[in-house]
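So the protein sequences, as listed, match chains G and C. Per the numbering used here, the very first residue in the first sequence carries number 2; after that it's consecutive. Per the numbering used here, the very first residue in the second sequence carries number 120; after that it's consecutive.
If you are wondering where the hints come from, they were derived from the structure by calculation, not from laboratory data. Fair warning: this is a prediction, and the values are worked out from it, not measured in the lab. C-beta: ideal position from N, C-alpha, C; glycine also. It cannot be assumed that every hint is accurate.
With a straight-line cut-off of 35 Å between C-alpha atoms, the simulated DSBU-like cross-links for lysine-lysine are [said to hold, decoys possible]:
#  : chain 1 : residue 1 : chain 2 : residue 2
1  : G       : Lys-126   : C       : Lys-203
2  : G       : Lys-35    : C       : Lys-139
3  : G       : Lys-56    : G       : Lys-4
4  : G       : Lys-152   : G       : Lys-94
5  : C       : Lys-210   : C       : Lys-298
6  : G       : Lys-126   : C       : Lys-162
7  : G       : Lys-56    : C       : Lys-203
8  : C       : Lys-298   : G       : Lys-8
9  : C       : Lys-139   : C       : Lys-178
10 : C       : Lys-139   : C       : Lys-184
11 : G       : Lys-3     : C       : Lys-381
Sample of chain G residues facing chain C (criterion: CB under 10 Å; computed from the structure) [said to hold, decoys possible]:
#  : residue
12 : Glu-22
13 : Ile-66
14 : Gly-70
15 : Pro-86
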Amino acid sequence: MKKISFKLNGETRFLHVEPNETLLDVLRDRMGVKSPKCGCDNGDCGACTVMLDGKTVRSCLIFAIEVDGHEISTLENISKNGLSPLQKAFLEKNVFQCGYCAPGMILSATELITNNPHPSEHEIKEALAGNLCRCTGYTPVIEAILELTKKD
Amino acid sequence: MAIPYEFAYERPETAEQAIKLLGKYGKNARILAGGTDLANQMKQGFRVPEILIDIKNIKEWEVIKMVNNELHIGSLVTFNDLRKSQLIREKLNILFEAAGLVASTGVRNRATMVGNICSAVACMDSAAPLLVHEAVIHTMSIDGERAIPIQQWFIDNRKTAIQDNELVTHVSIPIPEKKYAGAYQKMMRYSGEDLSQSNVGVLVLSDNKYHVAFGSVGPIPKRSLKIENLLNTKGISKETIEEAKAMIETVIAPITDVRATKEYRMHMTKVMFERALKSAVERFKQPKLITQ
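From just these sequences and the hints, can you work out the full model?
In structure tokens:
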């Protein structure tokens, strides 16, 4: 057991972890943060996406002990003060069915439009390539991002 | 899912501390950088280290820099670091191109290029670009440092020339003095996140010199001096391209697996070789190195 501390959605948290605990498990089972989901558990599906120091990562492939001293932000952080414009756009277009992939999709899309406010369709597809959806929801997701980010 | 067994974890602050730890544990230790391969291998029980040595606090290994006429890429440089680097964009367009095709953004934010060549899975994307640029891999251990040319690095699928007590500090890539341009082709089942079924790297150098390497079509990535000699002596024409494509049959040894059949890999590698060659030649003709 090692005591670690890291910022979780803006708040400094302390806890004891074993080296073999993944960040995904610790977030979900020990810290009550339920937006990251376990899909494939090997980094392919993107359902477990969280932000580590501002970049999207796969929390199933990171050991909790590694984030000691770092900053984690999850979907819960994005909607702290209400829905973000991106979330509103997704809601209006009804882009998700079951919603399992939604937290990962929203984080990946948020990272994209933060770095690139007016992405092309290709850039959107590229940015979301690692977020799999099994309800065939890709087209409305891409359309919603395009409409939100189009130049006036 | 947690890893179903216990192991220790250390995060040294300096290179000296890291090699000391590695010297102590040897083959029972694994170096942890991005961990995108290692965590999976541990979940599957393919690797069962007693201790993980996390090197991410060793800041000197995060750097991409020019040292004289060599470009140095530290062992902590991720694929997205490569994509964001102006130096890589300007000097190593083939690596820039390949880095953008590795998995997905979320993986590229974490996975390192050095981790890629240390895992040495046959379908890796960094090998062909590093082979055509004649990169050198620099290792460190309590016994000292070694510089291993990439031609001697890959031994077998998932096996490299690294010793149990060594870690990689950086990769150095000599930048040609005269004009050059590279191109990378990767075949995937779909555009987006996928592993390569076959990949080809071509580097065109001044004085009609060519470097050619293939990946994912044999246990280790392979540079072909035979094909290079043909192109170097006969130049580029419709006939030599056909001759080189026929030669590929004797150079690569693809297998059939879940991603493609060996026949399909063989056929497509020829097609991709031609595309990569033509694209590299086209870029070579431009006044400035083109990057995607």
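Outcome of the hint check:
| no. | hint | in the structure |
| --- | --- | --- |
| 1 | Lys-126(G) x Lys-203(C) | holds (19 Å) |
| 2 | Lys-35(G) x Lys-139(C) | violated (40 Å) |
| 3 | Lys-56(G) x Lys-4(G) | holds (24 Å) |
| 4 | Lys-152(G) x Lys-94(G) | holds (19 Å) |
| 5 | Lys-210(C) x Lys-298(C) | holds (10 Å) |
| 6 | Lys-126(G) x Lys-162(C) | holds (29 Å) |
| 7 | Lys-56(G) x Lys-203(C) | holds (13 Å) |
| 8 | Lys-298(C) x Lys-8(G) | violated (48 Å) |
| 9 | Lys-139(C) x Lys-178(C) | holds (18 Å) |
| 10 | Lys-139(C) x Lys-184(C) | holds (26 Å) |
| 11 | Lys-3(G) x Lys-381(C) | violated (49 Å) |
| 12 | Glu-22 | holds (5 Å) |
| 13 | Ile-66 | holds (5 Å) |
| 14 | Gly-70 | holds (9 Å) |
| 15 | Pro-86 | violated (21 Å) |
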